[in-house]
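Protein chains: 2
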Amino acid sequence: MIRLGIMGHGNLGRGVEAAVKHNPDMQLVAIFTRRDVESVKPLTPGVKVYKAEDAAKHADEIDVLILCGGSATDLPVQTPEYIKYFNVVDSFDTHANIPVHFDNVDKAGKKSGKLGLISCGWDPGMFSLARVYGEAILPGASTYTFWGKGVSQGHSDAIRRIEGVADARQYTVPVPSALEAVRSGSTPVLSTREKHTRECYVVAKEGADKAKIEKEIKEMPNYFADYETIVHFVSEEEVSKMQQKLSHGGFVIRSGNTTDENGHILELSLKLDSNPEFTGSVLTAYGRAVARLAKEGKTGVVTVFDIPIKYLSPISEEDLRKNLL
Amino acid sequence: MIRLGIMGHGNLGRGVEAAVKHNPDMQLVAIFTRRDVESVKPLTPGVKVYKAEDAAKHADEIDVLILCGGSATDLPVQTPEYIKYFNVVDSFDTHANIPVHFDNVDKAGKKSGKLGLISCGWDPGMFSLARVYGEAILPGASTYTFWGKGVSQGHSDAIRRIEGVADARQYTVPVPSALEAVRSGSTPVLSTREKHTRECYVVAKEGADKAKIEKEIKEMPNYFADYETIVHFVSEEEVSKMQQKLSHGGFVIRSGNTTDENGHILELSLKLDSNPEFTGSVLTAYGRAVARLAKEGKTGVVTVFDIPIKYLSPISEEDLRKNLL
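Heads up: the protein sequence lines correspond to chains L and S, in order.
As numbered in this note's numbering, residues 4 to 328 make up the first sequence, in order.
As numbered in this note's numbering, residues 4 to 328 make up the second sequence, in order.
The shape of chain L in the complex, shown without the other chains (with noise of 0.2 Å):
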């Protein structure tokens, strides 16, 4: 049996407690938070809330802790800090800032003798084993990845961030016309700006500099500045009823010749009701390689790219090549 704990209780946590369910040799153990230990009701029966400064007492009692926080603040410091006491598994998704974070992580987990697996979920995560994938079975052809239409919990959190904001919900939306050009199978050269707009719904706060905002948003690295970024302020009824779910999606598909008469077509895609939720199967299912993969002796850091599959399977290896392949 396999024990996790969840660092922080909010929708990605609530994602993994779902998907810990649907996995009978997983065990959730504890959840941490940094809320009032009280106002977090577990969907669980019988598991234990503690707070995330005493996380480290519960060392001994947790195979892997998945954290669930942020990528725009909490991770960068959670990761290197938990991976002292425990296996970790993240969702660090700033793209820009993988390689610091990743050299980070791999300090702290070969000084500590834990192991740390980073930016996992479905993008990063599936996604990027979907363009490594393609890249290599059809090397000089052109990979492109659509996100949506769905809500980016990283962004929207960003924007959250950002003084004088009271709520915000981000959609990121392909541009249709640059899709079916790539499900044709041409190639186009596309930029970002060109794939995808960025929705953004703000509630500001009474008073607040709504100009000043919207430049912030606009012009925020990584996350804004390099999309077609639209600003709609609207009031915090219209944010909360536009949408309970968190549904999301997108593809990623390679195009490309091996032959001057023989193109290809790969497709990966996802349509998601909830992102948060699906997400949280992923970081579970990772949760079982890295339990397995620390229990070899493996320490530091590691990606989606290091990790054979049969690890991620709670079936044989004999059943997986038998049933499977």
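Treat the hints with caution; some may be incorrect.
What the hints assert, rightly or not - Derived DSSO-like pairs: lysine-lysine, alpha-carbon spacing no greater than 27 Å straight-line:
1) S:K274 x S:K248
2) S:K198 x L:K274
3) L:K301 x L:K114
4) L:K313 x S:K244
5) S:K51 x S:K298
6) L:K248 x L:K221
7) S:K298 x S:K113
8) S:K313 x S:K301
9) S:K298 x L:K301
10) L:K113 x S:K51
11) L:K325 x S:K114
12) L:K274 x S:K152
13) S:K298 x L:K113
Please keep in mind that the hints were generated in silico from the structure rather than gathered at the bench.
Since this is a predicted model, take the numbers as computed values, not measurements.
With chain L held as given, fit chain S onto it using these hints.
Same frame as chain L, now just chain S:
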């Protein structure tokens, strides 16, 4: 530079040859054939063609030998034989016999100190990865694999080996209503027969017993016995006109819920102008992985489930994380 050899210069062997041209870190050193050496016309200037029976003499010149024979009778013999001298990759695709083939190749490889990757290609291969991934990420959901419409070379080959058959072409065709049901997000229970039909276009030799041929096809275990199989007897001219391109494709769909409210659909799809060229590309990328793993001292047998994706790519680990994660 990774030095490759090709055993067998049929459609698949030529597909591997075409793929090597796209991979600057690889070099095609030799083609081995059971046919008359003079009859083989390599696409690659300067590449040597040798008799298959002389292969072992060239063991020191080759890092990985890609076996391009058929699964019905070639590979069960060839893979355990050639792993005595070479690291090897094969595309063995008789699903039911994979466990036995695995054991045979493993024993021979452990003895010789060489490494063999079996059952590589798009199915088994890429689709197998998608199935395991789907099972691990969404436990309790349903997986559907559809193939086609396309020519199955293994199945065409199997028909051609029947006494009295001059030529044959076998098309696998998804049943449209089954496909629609799955893509809608419903999770019907579908037998193999309900998902596909197998259409066989057969050229009988003069005086052959057509009824006997048809019966042998329809009752062939693993290949046809479990399917709705339709046999058409046609002329040689009709078969050769039917399709110059060996196009194929298919998809793996995983569909299921994380909670009562929220469902998710993962789909991997392939649209291939040339099945052997694409399969050749997959074998070539995995040839790189086998060369690297063998260099690290790995021996015996592996499948796609055992290989971290980074081994497939010529890109450095740092650049993979920086640019593709």
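Right, here's what the structure says about each hint:
no.: 1; hint: S:K274 x S:K248; result: holds (13 Å)
no.: 2; hint: S:K198 x L:K274; result: holds (22 Å)
no.: 3; hint: L:K301 x L:K114; result: holds (12 Å)
no.: 4; hint: L:K313 x S:K244; result: violated (43 Å)
no.: 5; hint: S:K51 x S:K298; result: holds (25 Å)
no.: 6; hint: L:K248 x L:K221; result: holds (26 Å)
no.: 7; hint: S:K298 x S:K113; result: holds (15 Å)
no.: 8; hint: S:K313 x S:K301; result: holds (16 Å)
no.: 9; hint: S:K298 x L:K301; result: holds (20 Å)
no.: 10; hint: L:K113 x S:K51; result: violated (49 Å)
no.: 11; hint: L:K325 x S:K114; result: holds (24 Å)
no.: 12; hint: L:K274 x S:K152; result: holds (24 Å)
no.: 13; hint: S:K298 x L:K113; result: holds (25 Å)
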